[in-house]
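> Chain by chain, the residues run as shown.
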Amino acid sequence: MRGLHKYHLILMFILFLGMDSTGQMVFDTLFLNELEVLGYEVDYLATTKKSTIDSMFKQSLNNVDLGELLSSYTPVFIRSYGKGSLATASFRGTGASHTQVLWNDFRLNSPMLGQTDFSLLPNSFFDEVELHYGGASLVKSSGGFGGGINLINEPFHSGTPVVSLSQTYGSFNTWSSSAGLNLGNEKFASNTRFIYQSSKNDFPYYNDAIIPAQEMKQDKADYRNIGFTQQFSYRPNVHHILSFSTWNQWNFRNNPPLMTGVESSEWKKEYQDDIFTRNTLGWSYHKNRSRFELKAAYFYENFTYNLQNDSDGLPDVGDTLVHSLNKTNGVFVKAKYERSFQKGFELATGMDVDFESVNSNNYYEIKQRNTQSLFVQVKKDFWSRLKISLLLRTQMSDADMLPLMPLFGLNIKLLKNQDLYLRMSISRNYHLPTLNDLYWYPGGNENLKPEDGFEAEAGINYAFSAGDFLLIKTDITAHASKINNWIQWVDTGSGYWSPENINKVFARGVEFTAHLDGHAGKSNYRIFFEYAYTRTSNVNETSNDINDDDQLIYIPRHTGNGLISWGYRLYYINWNVHYVGEQNTIGSKLPAYVLNDVAIGKQWDFEKVGLEARFKVNNLFDTDYQAVLWRPMPGRNYEIFLSFKLNRNK
Amino acid sequence: MRNLIVLLISLLFIFQACKKDESPEQQDHDLAKGVFIINQGTFNAANASLSYFETGSKILINNLFTEVNKIPLGDVAQSITLWEDKAFIVVNNSGVVYCIERKNAKLSGKITGLASPRNMLILNSEKAYISDLYDHHISIVNSTTFEVTGTIELNRSSEEMVLIGAKAYVANYSAYGQQLKNDVVLVLDTNTDKLVDTIKVGIEPNSIVSDKDSNLWVLCSGGYLNEELPTIWKINGANGEVLHTYTFNVLESSPSALKINGNGDQLYFLNNGVFTMSVNDDQLPSTPLISQENNQFFGYLGVDPSNDNIYIGNPKDYQSSGLVYRYDAAGNYISEIDAGIIPAAFGFNY
Chain A
1 MRGLHKYHLI LMFILFLGMD STGQMVFDTL FLNELEVLGY EVDYLATTKK STIDSMFKQS
61 LNNVDLGELL SSYTPVFIRS YGKGSLATAS FRGTGASHTQ VLWNDFRLNS PMLGQTDFSL
121 LPNSFFDEVE LHYGGASLVK SSGGFGGGIN LINEPFHSGT PVVSLSQTYG SFNTWSSSAG
181 LNLGNEKFAS NTRFIYQSSK NDFPYYNDAI IPAQEMKQDK ADYRNIGFTQ QFSYRPNVHH
241 ILSFSTWNQW NFRNNPPLMT GVESSEWKKE YQDDIFTRNT LGWSYHKNRS RFELKAAYFY
301 ENFTYNLQND SDGLPDVGDT LVHSLNKTNG VFVKAKYERS FQKGFELATG MDVDFESVNS
361 NNYYEIKQRN TQSLFVQVKK DFWSRLKISL LLRTQMSDAD MLPLMPLFGL NIKLLKNQDL
421 YLRMSISRNY HLPTLNDLYW YPGGNENLKP EDGFEAEAGI NYAFSAGDFL LIKTDITAHA
481 SKINNWIQWV DTGSGYWSPE NINKVFARGV EFTAHLDGHA GKSNYRIFFE YAYTRTSNVN
541 ETSNDINDDD QLIYIPRHTG NGLISWGYRL YYINWNVHYV GEQNTIGSKL PAYVLNDVAI
601 GKQWDFEKVG LEARFKVNNL FDTDYQAVLW RPMPGRNYEI FLSFKLNRNK
Chain B
1 MRNLIVLLIS LLFIFQACKK DESPEQQDHD LAKGVFIINQ GTFNAANASL SYFETGSKIL
61 INNLFTEVNK IPLGDVAQSI TLWEDKAFIV VNNSGVVYCI ERKNAKLSGK ITGLASPRNM
121 LILNSEKAYI SDLYDHHISI VNSTTFEVTG TIELNRSSEE MVLIGAKAYV ANYSAYGQQL
181 KNDVVLVLDT NTDKLVDTIK VGIEPNSIVS DKDSNLWVLC SGGYLNEELP TIWKINGANG
241 EVLHTYTFNV LESSPSALKI NGNGDQLYFL NNGVFTMSVN DDQLPSTPLI SQENNQFFGY
301 LGVDPSNDNI YIGNPKDYQS SGLVYRYDAA GNYISEIDAG IIPAAFGFNY
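Protein sequences, first through last, are from chains A and B. Under our numbering, residue 650 is the last one in the first sequence; the count climbs by one each step, no gaps. Under our numbering, residue 350 is the last one in the second sequence; the count climbs by one each step, no gaps.
I should point out that these hints are in silico values taken from the structure, not numbers from a laboratory. Treat the hints with caution; some may be incorrect.
To be verified - Straight-line C-alpha distance at most 20 Å; calculated SDA-like pairs for lysine to any residue: (1) Lys106(B) <-> Ala213(A); (2) Lys234(B) <-> His244(B); (3) Lys316(B) <-> Ile553(A); (4) Lys217(A) <-> Arg291(A); (5) Lys589(A) <-> Tyr318(B).
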């Protein structure tokens, strides 16, 4: 592994050296001025709740995965088994498959499990993270009861340096390297990104699940991810943009034992390999008030899970206990037409065609699914104070038609001279059973109905500015959803499990966010606060009772995040606080915990070169905690981050 | 603004200071006559637990193991074996066997280094066998020092075991990681610790017992994909001769949990309801002793050797605390107990 790492550093160095010769080819470029997104900002003009993660927040976590970014700055709750291990989302108190994760509008959720592993999405691979809350995700796709997370790469992205290199080294032999290369002019652009992440991840922890309780090191939790993206964009004139993107990644990880089983885990070798390639091709045409877009994608993923009995260290016939092979192919086509008319009237309509195929030794045969979806959306502005939108989406899955999915939203500017907005929306959504639910052998149930969600939300957005010194943006939103036919796997009584549409779930909560920033003299500051209250319970079919102790497992009622950031001249300090309230698990409760991370850094900006150095302490107070029962988490740990940027000629 | 920053920073420290101080109180128990209930817990969640129900006072203690020993029981508790003043709890996915005192549930030792232990058969104060799902051998352990002293290679996974004379009979329940078909009972010589014979039965022998006449009884589910009709086999425990085969007539049924009463003359098993038959019957019972009604689910079974009372575990949704139903020998309902997650095995403590 060390050898591989050295090789990578050499490669980075070559890339860097090569710049001077290729630098001549970098033309002066003229890009549209892009609005830098400030704050985890809720779009105050939208009729449904939509937000974007602040670019500075994202920058500060670009060397880690999307799971860490979401759990630090959004109300999306990420359930992580540890760094580099499986991380799934619960958005607004819903299940892991109820968050739709999209890359440039194409769904990344596994067709087998329906969920996304957030530990496999490196933040440096996309420019922006956009969140559509609850029913608002119908704008992009169906099935996102919790919401949708769209990872965006702009075809012509200004402000990106020609060359960017970064290196992180952290405790427990954790390495993370990234490199980026941007070439092109106003007609043609090439964007290349590369990451390498690896960790031995052998952090010490106190194991009180065995007798005698003792200090020990986490074992078999190492991981390694290597990936690259390449995007080519071509703009022959102002009307057309053609683009091609590819995202390729190889991920390997060992799965560590539970704290209760460490004394007998020598025999066990449990690991998974995940290789994927994701490719998209797009054309967009823009003229006057119309925009047309046609995109296609091909995704392939090869996932293997292995459990081996390695007690004697020798390969034997009976050693392999589980060898699960899963290959998925997906072909997706999207067409969309948008037009704005006079008097604030807008129209959008589109069509999605998806084809997914799974070849798994857990299925009886190769299984496929075809879905077609159509939507139309109209928006109308009244008196520049009131905006309403209506979206209708229909979907067909292998010739079965889902009922109509409507999303209605409105936005009112409450006061004429104040930035105070009221937002309300209501929607109906359906989530198809996953292919595992339908075809897992044995147990898959082909008679499952789609899960059926009904959601409503209301929110208030307020912004206030007192010159340079202070800008406040806040948003508070209440939401409620009822999901019928929620799918759960149950014992059939004949030795295997099978999914059924048995649950009726009621999820509701409040999301609050506040963002303050400003500057005075050579100082600038940011304060960010975010809190989510989430209740999710089963609705008892017979009595309709909701008792107080029925919160579904691994959905904390209270979660919160805070950040205080202060910059002085070239220096900055960021202090993050992450709070997760008590959670129910099956049979017991997982206590609440608070984590503090502090980063101190310095940025140098020369004419063409930007440098940054940062030192970060994670889990400053060495809090002993578990995010998943009896899965240890690291105590205080450190990381050093260095980055180099070569900017375009100004 | 400065005040606000100071306020927020102090809030951080308050958060920090509010951390709960957790040190549950030590509790001692003097266990009267009753039943240990092994709550299996859900896979890979380490939420197995031990309950105790005193049959005289009707007192129920949940989470007994953790309360007394301050550690979780572990991941997937599989079985309990009582022997002299000790009880051995096999925790399958933790690879551990915990030995506790029968009188107070205090930990007196543990056996580690096991891959996937399932059941324990104690031969004497020096020797015991532990069966295993993943490792295709029996581990030989010292019953007093808890050391693993050797293994008996089987080439197969192993499950329930019974001792008849000097022979240990081992069911090959699962085909996990094995090339051979899982339709045999293996015979071990306990003096030489050698595999001496293989008796062919039906697919997936999930439970075995011995009766008063030293005959062996084997219940085979027919495979979890219903490959063949389920069967019960009556085998001579001295020479391995098959005396009788009882065949169920519904392919889709999955009978399980064959148990025998204290006298060794009456058999019990689950097949949606609780069925019982005499060891002298030559036909399977056609009607259940206790039928499974709508709101019940019978997953696990135990028979009290002192009075033939029947204990049935209902795991409900496998996500929350399960129930244990108690019935008398005639099949009359007595009461129910709120146990832990998936009450799966019973150890009668007299």
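> Give a verdict on every hint.
Results for each hint:
Distance restraint check for Lys106(B) and Ala213(A): the Cα-Cα separation of roughly 16 Å lies within the 20 Å cut-off, and the hinted pair is therefore satisfied. Distance restraint check for Lys234(B) and His244(B): the Cα-Cα separation of roughly 5 Å lies within the 20 Å cut-off, and the hinted pair is therefore satisfied. Among the hinted pairs, Lys316(B) with Ile553(A) is consistent with the structure: their alpha-carbon atoms are about 16 Å apart, no more than 20 Å. At roughly 56 Å between alpha-carbon atoms, Lys217(A) and Arg291(A) are farther apart than 20 Å, so this suggested pair is violated.
With a CA separation close to 17 Å, the supplied pair Lys589(A) and Tyr318(B) stays within the 20 Å bound.
The structure does not agree with numbered hint 4 stated previously, though it agrees with all others.
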